[in-house]
Amino acid sequence: MHASFQWAWLIPLMPLLSFLIIAFVTKKWPRLSSTISIICILTSFVLAVWIGYGVLTTGDQLVEKPYQHTLNWLTFNNVPWGLSEGSLNIEFGTLVDPLTAMMLFVVTLVASMVQIYSVGYMHGDKGFSRYFAYQSLFAMSMLGLVLATNFLQLFLFWELVGLCSYLLIGFWFFKVSAREAAKKAFITTRVGDFGLLLGILFLLNKFGTLNFFKLHEMIGPQFNNAVVVGGISYLTLTAFLVFIGPVGKSGQFPLHVWLPDAMEGPTPVSALIHAATMVVAGVFLVARVFFLFKASPATMEFISYLGCFTALFAATIAVAQDDIKRILAYSTLSQLGYMMMALGLGAMTASMFHLMTHAFFKALMFLGAGSVIHALHEKQNIWDMGGLWKKMKITGTTFFIGVLAIAGVPGLSGFFSKDEILTAAYHNNIILYVVASFTAFLTAFYMSRLFFVAFTGDEKPENHPHESPWMMTLPLIILAVLSVVGGYVALPEHGFGYFVRPWGSEYEVEHMNYLVAGISTVLGLSGIGLAYLVYNRKAISADNIVATFPRTYKVLQNKYYVDELYLWIIKNIVDGFGKVLYWFDIYVVDGIINALGFLAKFFGSLFRRAQTGQLQVYAMVIFVSIVIMFLVITFGEQQLSALIPFLGGVK
Amino acid sequence: MSFNLSVGLPHYLLVAAMLFCFGLYGVFSKKNAIAVLMSLELMLNAVNINLVAFNRFLFNKPIDVQGVKHYLLAGHVSAIFVIVVAAAEVAVGLALVITMYRNRLSTNVDELDWLKW
Amino acid sequence: MAFPILTATLLAPIIAALVIVFLPADEPKTIKITAALGTFASLVMSFLVFFAYDKTVGGFQFNETIQWTKDLGVVYALGVDGISLPMLLLTNLIGFTAVFASWNMEKRPKEYFILLLILIAGVMGTFVAKDLFIFFLFYEVVVIPIYIMVVIWGSSKRVTKEYAGMKLTIYLLMGSAFLLVGLVALYLKAGGDTFMIQELAARSSTLLPKDFQIIVMGLMIIGFGSLISMFPFHSWSPDGYAGAPTAVSMIHAGVLKKIGGYGLIRVGIFILPLGAKFWAPVIAVLAIGNVLYAAFIALAQKDLKYVVGYSSVSHMGYVLIGMFALNVVGIDGAVAQMFGHGVMAALFFSMIGYLYEKSHTRYIPDFGGIAHQMPRLAIGFMIAGMASLGLPGTANFVAEFTIFIGSVKVFLIPAILGIFGIIFTAVYTLRVLANVLFGPRRPEWDHLKDLRGPEMVPLILLAFILIAAGVMPNMLMDLINSGVHSSGIADVIQALGPVNGGIF
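Chains C, R and B are the protein sequences, given in the same order. All residue numbers for the first sequence refer to our numbering, where the first residue is 350 and numbers rise by one. All residue numbers for the second sequence refer to our numbering, where the first residue is 6 and numbers rise by one. All residue numbers for the third sequence refer to our numbering, where the first residue is 982 and numbers rise by one.
Calculated from the structure, these hints are not laboratory results. Computed from a predicted structure; not experimentally measured. Be aware that a few hints might be false.
In silico SDA-like pairs for lysine to any residue, Cα to Cα no more than 20 Å straight-line [stated by the list, open to error]:
| id | chain 1 | residue 1 | chain 2 | residue 2 |
| --- | --- | --- | --- | --- |
| 1 | C | K524 | B | I1360 |
| 2 | C | K928 | B | P1346 |
| 3 | R | K35 | R | E94 |
| 4 | R | K35 | C | I971 |
| 5 | R | K121 | C | A968 |
| 6 | C | K555 | B | I1394 |
| 7 | R | K121 | C | Q965 |
| 8 | B | K1283 | C | D939 |
| 9 | R | K35 | C | F972 |
| 10 | C | K376 | B | P1356 |
| 11 | B | K1138 | C | I935 |
| 12 | R | K121 | C | V970 |
| 13 | C | K524 | B | H1353 |
| 14 | B | K1339 | B | G1434 |
| 15 | R | K36 | C | V970 |
| 16 | C | K950 | B | Y1144 |
| 17 | R | K36 | R | N113 |
| 18 | B | K1283 | C | V525 |
| 19 | C | K920 | B | R1412 |
| 20 | R | K35 | C | V970 |
| 21 | R | K35 | C | Q965 |
Reference excerpt, derived from the structure (chain C facing chain R, CB under 7 Å, subset only) [what the hints assert, rightly or not]:
| id | residue |
| --- | --- |
| 22 | T961 |
| 23 | G962 |
| 24 | Q963 |
| 25 | L964 |
| 26 | Q965 |
| 27 | M969 |
Covered by chain C, per the in silico footprint, the following chain R stretches (three or more residues, Cβ under 8 Å) [unchecked claim]:
| id | region |
| --- | --- |
| 28 | 32 to 46 |
| 29 | 112 to 121 |
The beta-carbon is built from N, C-alpha and C at its ideal position, and this holds for glycine as well.
Please work from the sequences and hints to get the whole structure.
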């Protein structure tokens, strides 16, 4: 094992340290806070690179047996549980394998870029220090999630990244829209967490451990996968429940609604959390416990269809959006669908590859969008922009590179990763392949649309754009370079696929399928060309297309009315149910109690008449009762002998 | 048949019972609080007569405790207790009556019914 | 004989109360400082006990035994084990912070703090008593100060404070009436010469037949259940908290309620296992009633205290279902949840108390953007809210997770419904946080002063405990686990076998 692995725990610790320092010490000095935060994340980045180097030199034995270092976190002594004897023990620790190393590299890199960028972007904001504190907390949680050795640790950080996402979406909490978006994000992902938590409990109950690798060893071919209910096996049920978590976190249909709204947060946050890192946590989880899903073909199939559907669904919405960040958000959803689909098809390597390249070019585009928004003073509608390329050379060029990468233009990173996914689809399921290819075309189209409308064409006279400071353009350049070259890591003999693959699986060299590559290149270029014709040359009028299909356009622009449906459910069903129960509680449950009280009161009002207040009446009553008692006890002995022990004995 | 004119226990009890009934009648029927208190005293004294009479007639035999003769005087002692307690009670009662009179200018027990329901 | 630290812990607030009796009423500052010192002494001593307790040995430690009433067999016996120690610590944490939460009390401070200190001592006593009679005695001590405090220092909103106080008190007393019947029956049936819990439990299998256990357990469930606000007996809780002054809400929601849970474990399950097994499925259903029903009602609330009131009813459902899963993990989780919820509820109520004291309203639509004016208060609200929805990193997550582990195995469907409840908990908690703290700045609240000085004590202490117990759960869980094992409860439920209703 490489010496770097034992220091993996430092990686999440550094941002935690910076969070604590900012929160308790340097809150009052914004520049100091940002410096500390950036130094810490860069340290983590260096460590991540070191670990990455370690993984590369160690070779593929880590895929057979990952490096683990654990501490006891939650122990129940003498409690036999599931398949484990003795104690129930949940650990905390670090797990290093190529997948982890890749994620560490991506997360620390994008986080560093975003934090450097934020110094420029958030300049002068009242909550500057708070922003960097949240950023550090997020980095800590995300890195902890990546390093998790077991389900509970993962779940813990999973929720913490959710919290950070909540805090950062609602960073400008004075905006009602940001407040509502933050709440929506938390609650929607919470729905997913419900499933994940349940799945975790099911696993714990059966196996008595939550450790990924131990579970991997237990769920082998020898595992008796018994049918529980209605033909569904235990593992299918569990895998399905676990998958609900990623559905929420990675914005798969029907829990995708929070991600576009999450764009209310500062743009660098969208780049980091809602494009490159947190939203892929769901994909990462599925890849991490791939053994579990592999044991359940039904779930795998479900995942592939759901991912494919989400990809198409989000891409069609993106075509009709006007807000620059929302287009990018729907594009993110669509790409996440791609990754999910790849996982469902069993192409874990392709999915992770796409995750990495997507992190580069999507972060690039979000940061580019941030640069534009910054330059135009918070304008986000693409139709308010135009001709920006001339004024913002660096932003424009790097953004164009991002567009080309996501469109799958040969030579750029997106081409390689998307191609691997499409090849997997082509080999496994032709329907999915057709839909995914069409989605690729749509992706190329709407991203180019965004680019042509915002960056080319005529300048708007009311805009006075200017290039952003170097702190913002430097990350753009670095990410642009990575977006170009990131795809080549898959090419060497012992490339990406040699390292990042499911535990215990055989390495198969995947050769490029030139048919698939050719078709996808044609589709991508034709998407760009179509957008060029419509939005740059105006050869085809966009308004005419809209006028031809008004209904379709309206539905797309309103995102298939899913938000409206959820709002209606929450407002009428959930809240209505709450009101009904409240009524029930006040008038029925409490009513019964109050009725009992009134009953007592009623009898009281009857009997209180006996309390005349007349001294002599009381005396009379006392005397007469004594006489009666005396007579009874003296002469009624035979009849009342049973009462004597109670009345006392005058015998 | 011998005709015994000497006064025995029944006579005392009879007197005490009469006295008790007078007192009871007074307690039930008098309107003046002081008169009620006085009637109460009659009843207490009736009890005292009973106590002393019982002691005198029923327990007048000495009890031999290790060669020393003792007379049981519990009845007498109880009577004295009753007298003491009655005195205390009258003191408290009269104090109450005086306070009530000051507040209400009346000692009529029928009017003193503020504690009713 | 060793220093009687438990008695000293118990007496510290009483001594402070006695000192306050002799202080002039027009020196509120001195009175408050005395009260703070008294509770601080208790807090320090309970921390000492917490760290000095030997987990490897387990069982009752720091024992004190004095013969009290020989004929009845009542013994003044104190001692703590892994179950009562967290409760003792909780009581003192909340007692100490409750004094600071009432730091701005202007109305009759002398009487207020005397009653508060008696209340704290009473609650503490129930947790350290090893004798059922003494337990009951302390429990009754608690009732009187609560009533007086609600009626004098409370606030009238939906219901008048007189109604709230009466409801609270009558519920407590009704519960205790059922308890008393059960207790006397237990005492007589088990030989009539001892009230010691351990002794009664030892005799349980030989002297207490199953039918008897079922009936007495039924009485206990009504008694303790109305204390822990089990579903049909919960309606005192929101009204009572809403009417009560801040400190009483804190103590009531934080610890007093937990006497119910503690009693059900210590007396119910431990002494009457067969009865507990009989009633367990019923309780599981009622507990889910608690969780979901109260969560839905909390959605419809407009008053801050009502939201937290119903939320605490909801959280108690988890305690009940964990406890009546009748396995070690479930009971571990139930105790941990009582601890976690106590700290969280106290933090929540203290924050609401400050806000109400400064703004004179608790109506949620009146607020908005309070984080602008009161960032520290906002932090307190956030931490409490996040703990309430069971965010990992707070004690509540560990507790809820443990409860779920324990109960999924036994009551599958109720447990799933219970886990489903976490969604609605998130909905109502986040709604409150959003509507109160966030949004545009509202100028009418610009005069509000943020927390400072002594007002910060509850925030710092309680938030620290919540997070510390969430990050290092073994500190707490080890203790509880050793308590459940070494007190003998583990053996009792082991002998009981699984409860009906499991599919695993």
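(message) Hint check: K36(R) vs V970(C), CA-CA at most 20 Å. Holds or violated?
(response) OK: K36(R) and V970(C) at ~17 Å, within 20 Å.
(message) Next item in the hint list is L964(C). Is there a CB on chain R closer than 7 Å to its CB?
(response) With a minimum Cβ separation of about 5 Å from chain R (threshold 7 Å), the hint on L964(C) holds.
(message) Does Q965(C) hold up as a contact with chain R if the rule is Cβ-Cβ below 7 Å?
(response) Hint holds; Q965(C) Cβ to chain R Cβ min 5 Å, cut 7 Å.
(request) Take the C-alpha atoms of K1283(B) and D939(C), compute the straight-line distance between them, and say whether it is at most 20 Å. (result) 18 Å, holds
(message) Three residues or more, CB to CB closer than 8 Å: is that satisfied between the region 112 to 121 of chain R and chain C?
(response) Result for this restraint: holds, n = 7.
(request) Given the hint that K121(R) pairs with Q965(C), test it: the Cα-Cα distance must not exceed 20 Å. (result) 13 Å, holds
(message) K35(R) and Q965(C) were given as a pair; does the straight-line alpha-carbon distance stay at or below 20 Å?
(response) Judged against 20 Å, a Cα distance of about 9 Å means the pair holds.
(message) Check the hint pairing K1283(B) with V525(C) against an upper bound of 20 Å on the C-alpha distance.
(response) 19 Å, holds
(request) Compare the distance between the alpha carbons of K555(C) and I1394(B) with 20 Å, and conclude whether the hinted pair is satisfied. (result) Distance ~17 Å between K555(C) and I1394(B) Cα, so the pair holds.
(request) Quickly compare the C-alpha distance for K35(R) and F972(C) to 20 Å and report which way the hint goes. (result) 16 Å, holds
(message) Can you confirm whether the C-alpha distance between K524(C) and H1353(B) stays at or below 20 Å?
(response) 12 Å, holds
(message) Quick check on T961(C) please, does its C-beta sit within 7 Å of some C-beta on chain R?
(response) 5 Å, holds
The structure is consistent with each of the numbered hints, conforming to all of them.
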